[in-house]
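Number of protein chains: 2
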Amino acid sequence: MTSDMPLPQVDFRTDPAQYRHWRLECAGPVATLTMDVAEQGGLVPGYDLKLNSYDLGVDIELYDAVQRLRFEHPEVRAVVLTSGKDKVFSAGANIRMLAAAPHPWKVNFCKFTNETRNGIEDATASSGQTYLAALNGTASGGGYELALACEHIMLVDDRSSAVSLPELPLLGVLPGTGGLTRVTDKRHVRRDLADYFATKSEGIGGKKAVAWRLVDEAVPRGQWAETVAQRAEELAAQSTRPVGPGAKGIELTPLAKDRTGSQIDYTHVSARLDRDRRVAEITVRGPDGSAPGSIEQVHEQGAGFWTLAMTRELDDLILDLRTNELELGTWVLRTGGGAEQVLAFDQMLLDHRDDWLASEILLYLKRTLKRLDVTSRSLLALIEPGSCFTGSLLELALAADRSYMLAGVFEETDPEAEPAALTVGPANLGPLPMGNGLTRLQTRFLGDPDALAAAEKRAGGPIQAEDAERLGLVTFAPDDIDWDEEVRIAVEERASFSPDALTGLEANYRFAGPETLETKIFGRLTAWQNWIFYRPNASGPDGALRRYGTGQRADFDRKRV
Amino acid sequence: MTSDMPLPQVDFRTDPAQYRHWRLECAGPVATLTMDVAEQGGLVPGYDLKLNSYDLGVDIELYDAVQRLRFEHPEVRAVVLTSGKDKVFSAGANIRMLAAAPHPWKVNFCKFTNETRNGIEDATASSGQTYLAALNGTASGGGYELALACEHIMLVDDRSSAVSLPELPLLGVLPGTGGLTRVTDKRHVRRDLADYFATKSEGIGGKKAVAWRLVDEAVPRGQWAETVAQRAEELAAQSTRPVGPGAKGIELTPLAKDRTGSQIDYTHVSARLDRDRRVAEITVRGPDGSAPGSIEQVHEQGAGFWTLAMTRELDDLILDLRTNELELGTWVLRTGGGAEQVLAFDQMLLDHRDDWLASEILLYLKRTLKRLDVTSRSLLALIEPGSCFTGSLLELALAADRSYMLAGVFEETDPEAEPAALTVGPANLGPLPMGNGLTRLQTRFLGDPDALAAAEKRAGGPIQAEDAERLGLVTFAPDDIDWDEEVRIAVEERASFSPDALTGLEANYRFAGPETLETKIFGRLTAWQNWIFYRPNASGPDGALRRYGTGQRADFDRKRV
Numbered sequence: 350m351t352s353d354m355p356l357p358q359v360d361f362r363t364d365p366a367q368y369r370h371w372r373l374e375c376a377g378p379v380a381t382l383t384m385d386v387a388e389q390g391g392l393v394p395g396y397d398l399k400l401n402s403y404d405l406g407v408d409i410e411l412y413d414a415v416q417r418l419r420f421e422h423p424e425v426r427a428v429v430l431t432s433g434k435d436k437v438f439s440a441g442a443n444i445r446m447l448a449a450a451p452h453p454w455k456v457n458f459c460k461f462t463n464e465t466r467n468g469i470e471d472a473t474a475s476s477g478q479t480y481l482a483a484l485n486g487t488a489s490g491g492g493y494e495l496a497l498a499c500e501h502i503m504l505v506d507d508r509s510s511a512v513s514l515p516e517l518p519l520l521g522v523l524p525g526t527g528g529l530t531r532v533t534d535k536r537h538v539r540r541d542l543a544d545y546f547a548t549k550s551e552g553i554g555g556k557k558a559v560a561w562r563l564v565d566e567a568v569p570r571g572q573w574a575e576t577v578a579q580r581a582e583e584l585a586a587q588s589t590r591p592v593g594p595g596a597k598g599i600e601l602t603p604l605a606k607d608r609t610g611s612q613i614d615y616t617h618v619s620a621r622l623d624r625d626r627r628v629a630e631i632t633v634r635g636p637d638g639s640a641p642g643s644i645e646q647v648h649e650q651g652a653g654f655w656t657l658a659m660t661r662e663l664d665d666l667i668l669d670l671r672t673n674e675l676e677l678g679t680w681v682l683r684t685g686g687g688a689e690q691v692l693a694f695d696q697m698l699l700d701h702r703d704d705w706l707a708s709e710i711l712l713y714l715k716r717t718l719k720r721l722d723v724t725s726r727s728l729l730a731l732i733e734p735g736s737c738f739t740g741s742l743l744e745l746a747l748a749a750d751r752s753y754m755l756a757g758v759f760e761e762t763d764p765e766a767e768p769a770a771l772t773v774g775p776a777n778l779g780p781l782p783m784g785n786g787l788t789r790l791q792t793r794f795l796g797d798p799d800a801l802a803a804a805e806k807r808a809g810g811p812i813q814a815e816d817a818e819r820l821g822l823v824t825f826a827p828d829d830i831d832w833d834e835e836v837r838i839a840v841e842e843r844a845s846f847s848p849d850a851l852t853g854l855e856a857n858y859r860f861a862g863p864e865t866l867e868t869k870i871f872g873r874l875t876a877w878q879n880w881i882f883y884r885p886n887a888s889g890p891d892g893a894l895r896r897y898g899t900g901q902r903a904d905f906d907r908k909r910v
Numbered sequence: 350m351t352s353d354m355p356l357p358q359v360d361f362r363t364d365p366a367q368y369r370h371w372r373l374e375c376a377g378p379v380a381t382l383t384m385d386v387a388e389q390g391g392l393v394p395g396y397d398l399k400l401n402s403y404d405l406g407v408d409i410e411l412y413d414a415v416q417r418l419r420f421e422h423p424e425v426r427a428v429v430l431t432s433g434k435d436k437v438f439s440a441g442a443n444i445r446m447l448a449a450a451p452h453p454w455k456v457n458f459c460k461f462t463n464e465t466r467n468g469i470e471d472a473t474a475s476s477g478q479t480y481l482a483a484l485n486g487t488a489s490g491g492g493y494e495l496a497l498a499c500e501h502i503m504l505v506d507d508r509s510s511a512v513s514l515p516e517l518p519l520l521g522v523l524p525g526t527g528g529l530t531r532v533t534d535k536r537h538v539r540r541d542l543a544d545y546f547a548t549k550s551e552g553i554g555g556k557k558a559v560a561w562r563l564v565d566e567a568v569p570r571g572q573w574a575e576t577v578a579q580r581a582e583e584l585a586a587q588s589t590r591p592v593g594p595g596a597k598g599i600e601l602t603p604l605a606k607d608r609t610g611s612q613i614d615y616t617h618v619s620a621r622l623d624r625d626r627r628v629a630e631i632t633v634r635g636p637d638g639s640a641p642g643s644i645e646q647v648h649e650q651g652a653g654f655w656t657l658a659m660t661r662e663l664d665d666l667i668l669d670l671r672t673n674e675l676e677l678g679t680w681v682l683r684t685g686g687g688a689e690q691v692l693a694f695d696q697m698l699l700d701h702r703d704d705w706l707a708s709e710i711l712l713y714l715k716r717t718l719k720r721l722d723v724t725s726r727s728l729l730a731l732i733e734p735g736s737c738f739t740g741s742l743l744e745l746a747l748a749a750d751r752s753y754m755l756a757g758v759f760e761e762t763d764p765e766a767e768p769a770a771l772t773v774g775p776a777n778l779g780p781l782p783m784g785n786g787l788t789r790l791q792t793r794f795l796g797d798p799d800a801l802a803a804a805e806k807r808a809g810g811p812i813q814a815e816d817a818e819r820l821g822l823v824t825f826a827p828d829d830i831d832w833d834e835e836v837r838i839a840v841e842e843r844a845s846f847s848p849d850a851l852t853g854l855e856a857n858y859r860f861a862g863p864e865t866l867e868t869k870i871f872g873r874l875t876a877w878q879n880w881i882f883y884r885p886n887a888s889g890p891d892g893a894l895r896r897y898g899t900g901q902r903a904d905f906d907r908k909r910v
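Protein chains in written order, with our numbering: chain A, 350 to 910; chain B, 350 to 910.
Treat the hints with care, as some may be off.
Note that the list lumps identical chains together, so a pair holds whenever it fits in one copy or between two copies.
Unchecked claim - As a list, the in silico SDA-like pairs of lysine to any residue whose alpha-carbon atoms are at most 20 Å apart:
id	residue 1	residue 2
1	LYS399	TRP573
2	LYS535	THR865
3	LYS434	TYR368
4	LYS535	GLY786
5	LYS535	PRO863
Since the hints were made in silico from the structure, they are not lab data.
All chains, please: the whole structure from these sequences, using the hints.
Below you can see the structure in the form of structure tokens.
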């Protein structure tokens with residue numbers, strides 16, 4: 350097997366009827382998500398998904414299930430994550446897949462997997478859907494890392510089941526989906542014990558796993574089902590999920606999507622793929638009509654409600670471009686529509702944050718914007734007449750590495766247009782924090798409280814280019830005469846730089862300020878893993894990842910770097 | 350030029366009489382450190398150090414000068430860092446050197462350079478020696494990053510001088526010595542402006558550099574000397590350096606060091622280099638006699654005072670092994686000596702923290718232990734009878750990835766020995782924080798305040814193995830029967846793992862908890878830079894770093910990862 354693994358065009362859309370690897374069962378306040386991976390169901394030919402090991406396809410289903418639980422099953426307050434196999438929870442990411450995959454596939458796979466685990470933590474923390482890992486057998490590597498994303502970890506105590514992070518001793522790589530960070534920073538395993546644990550490929554089980562804080566409880570097999578059920582009920586009872594009796598979910602209906610080699614169209618979002626310039630030109634459009642007059646109408650509109658529909662489309666587009674279009678290194682972000690309408694939709698959600706659906710929509714938008722933040726593409730926002738960088742949509746410009754705003758109008762093509770304006774709204778002042786825990790405005794004005802206050806003070810009204818530049822809300826505000834040239838140079842220049850150096854630059858600049866579990870995972874841990882993945886000691890012909898299972902030992906360059 | 354650059358055995362010991370690249374002049378409270386790099390003075394043949402570009406040799410002198418200022422020139426309260434060249438401050442790290450250097454050399458060079466910049470910031474923040482960057486010409490890349498480590502940056506305003514970070518556009522790598530982190534997190538340059546700045550190879554000067562916060566002031570050439578002098582006086586006047594009139598420095602006398610291919614010996618520190626096992630066995634010995642009775646005697650002893658002497662030796666050893674012994678992947682740390690004496694030396698320093706020398710010695714020990722924390726070697730502490738893991742020396746065990754403490758004695762070889770004991774002292778409770786701002790004990794017991802309190806409560810008295818293990822102060826406490834086997838397996842296992850994966854594992858585990866500028870630089874920024882350095886887009890035959898100056902453009906793999 351070589352790294353010429355044939356890479357498919359990946360589609361992230363699925364639904365429970367199509368699942369091959371997971372079962373989702375809801376029973377009142379408790380749902381059970383059972384991992385039962387189909388060995389022959391790999392996304393790419395060339396490997397078997399033995400022992401509940403997973404590849405991107407398995408994780409796409411998990412992501413879908415976690416999302417549907419939040420929108421389609423509002424009554425669920427605790428989710429039991431368990432395995433349908435006998436004596437094994439999950440062997441983690443499939444090793445043969447990893448060994449065969451080219452570097453960008455590995456990195457993209459880990460990123461999406463990380464985002465899904467973060468989404469599980471967000472469901473527990475923000476949504477009152479608390480995840481419980483019921484490890485009915487050994488959880489290794491990514492299998493244990495999945496458990497680490499859960500609030501409570503139960504391990505069957507049967508003298509053979511264990512949790513482990515065998516990546517270092519067996520594969521010469523790191524646990525790549527947050528394991529190292531969560532062990533010390535979330536579960537507070539002592540760092541020297543954590544060190545020992547990560548070198549012990551057979552793992553640790555039973556009482557020692559509890560004493561070392563690797564799991565929360567070890568339960569004999571005889572009491573397993575009963576204890577898991579009891580714990581799930583307890584967690585459900587403690588949930589603060591704001592759902593009244595008889596709450597009815599909304600259906601996440603199939604996304605309408607037209608995709609060709611040069612264009613991707615949804616209802617509110619579209620992208621033109623310009624391969625010559627290595628650019629994706631993305632446009633997000635505001636609502637077509639006015640906001641519903643009541644939260645009941647939001648429920649009635651369901652997946653058709655603009656904010657939710659737009660977010661789902663943007664989410665799918667980010668994943669599609671990230672995975673399938675590696676050479677489109679710059680994303681140009683535009684918006685269109687009416688500022689008043691976007692503000693009204695935002696306001697409807699913000700006025701009803703105690704309504705489960707309004708809350709879920711905001712949380713989903715938050716997660717999707719975070720996905721943008723960790724995307725390894727240069728993001729340029731273009732703010733032109735007719736654009737709608739307002740409230741929730743202004744976040745796109747604030748997420749961008751740079752923004753250009755036209756001062757005045759395009760004199761030749763549309764002299765009568767209204768000049769571009771952007772609007773800071775309540776959605777920019779708190780409900781959509783980045784992974785570092787700050788709003789994008791706070792991150793932008795880090796250490797400059799006066800500038801932050803000045804920008805926040807202008808909330809609610811349109812801000813034109815000169816003002817926006819003076820307030821620091823946009824990077825540059827060229828006029829009609831300079832616009833084409835400045836934008837062209839910015840885009841062409843970006844396409845001429847080293848893609849690797851851009852990824853590193855952006856990963857550093859985008860997360861100024863405080864660090865969190867999330868930023869540590871995407872910053873520190875991911876960066877080290879990328880380096881290790883790329884080094885011959887892991888991925889060379891004699892590297893540990895490639896030699897695993899061949900009976901041959903890896904041949905390492907012994908120099909410590 | 351290929352990456353077969355001949356690598357010298359590097360000696361980090363130097364003194365002002367030997368400097369080839371720097372001039373150090375002290376005039377009362379203001380010192381001037383002038384960079385005037387000898388073009389032909391490269392540490393390795395094959396490149397010229399044009400335009401005040403630097404290599405490791407230049408930085409070794411800078412490190413020495415910064416150290417000597419603190420110990421030999423206590424009267425200095427402001428340090429002007431400037432250039433002896435006309436119209437150029439510094440072109441940064443020498444590109445031909447970087448292009449030719451093998452990967453570990455690049456990484457080690459950046460790490461040492463980072464540590465020296467951090468030391469400059471520590472002098473400003475902790476020591477009242479405030480650094481002022483007087484950029485009398487363009488400061489590019491590492492040259493500007495050196496300025497970023499200073500408290501105040503002045504740039505001559507002459508329409509040609511600028512500051513710049515041209516690494517990304519010219520070389521396809523990152524500014525590798527803290528630039529990206531300091532621009533946003535220290536100087537609070539807005540991230541979109543910072544993005545633009547890092548793509549603009551010619552840099553930014555004059556008023557715009559001030560408006561964007563890249564420098565603090567732009568001064569016309571006509572007023573340059575006068576304004577720099579005035580600013581230096583102001584900074585000196587604001588300094589809180591605890592130095593009375595007539596304070597006399599101590600001389601950092603030459604370090605006595607014996608080095609062979611298998612052994613390095615200083616007075617209090619020694620290391621046996623075991624190439625077969627890929628281990629350096631390091632022993633640090635406590636004081637020979639009792640602590641001086643007064644702070645005046647500490648001044649009299651000067652560089653002979655045990656804590657300072659031991660720290661200098663340890664510092665030199667860390668640098669020597671890190672640079673010259675890449676394949677010794679595990680450092681086994683032992684100590685010897687009397688606990689009471691170490692506690693007394695610690696106490697002498699802690700009782701006189703308002704004395705400049707006592708303060709400097711503690712700060713230097715702090716920096717040296719931080720150097721250990723960021724060292725990419727596995728650290729195992731062995732706590733045996735006769736050892737002296739007490740107070741300041743206990744930090745070595747707390748810095749280790751794991752520690753083994755013998756329960757009881759070696760029955761066959763020394764049955765009458767006193768069983769090993771370790772002692773928590775005041776030095777462990779605050780004065781020696783890690784880069785994350787926490788003590789090593791706090792980091793160890795992150796999220797476990799009860800365990801921290803229990804350990805702190807035992808401060809002052811000896812703690813034997815069973816107790817130490819129960820308190821979580823050591824990882825394992827095997828008895829005589831298991832000791833040899835357990836330790837042997839730990840060492841052999843470590844040597845069998847992928848060196849890269851160990852580096853990544855340790856870099857993640859060692860910095861649990863809060864992040865700071867320092868941990869971001871060594872964690873996030875360094876990890877990305879390592880990855881980028883290793884990728885063909887930078888270091889391949891067609892990469893930007895290798896092609897720089899050849900007239901040929903780099904040929905990039907365009908995939909964004």
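Against the structure, the hints:
For a Cα distance limit of 20 Å, the shortest separation of LYS399 from TRP573 qualifies neither inside one copy, at 24 Å, nor across copies, at 71 Å. For a Cα distance limit of 20 Å, the shortest separation of LYS535 from THR865 qualifies both inside one copy, at 10 Å, and across copies, at 18 Å. Taking the closest pair of Cα atoms, LYS434 and TYR368 come within 20 Å of each other only inside a single copy of the chain (16 Å); across copies the shortest separation is 68 Å, beyond that limit. In this assembly of identical chains, the alpha carbons of LYS535 and GLY786 lie at most 20 Å apart whether taken from the same copy (16 Å) or from different copies (18 Å).
Taking the shortest Cα distances, LYS535 and PRO863 sit within 20 Å of each other both inside one copy (16 Å) and across copies (12 Å).
The structure fails hint 1 only (numbered hints given earlier).
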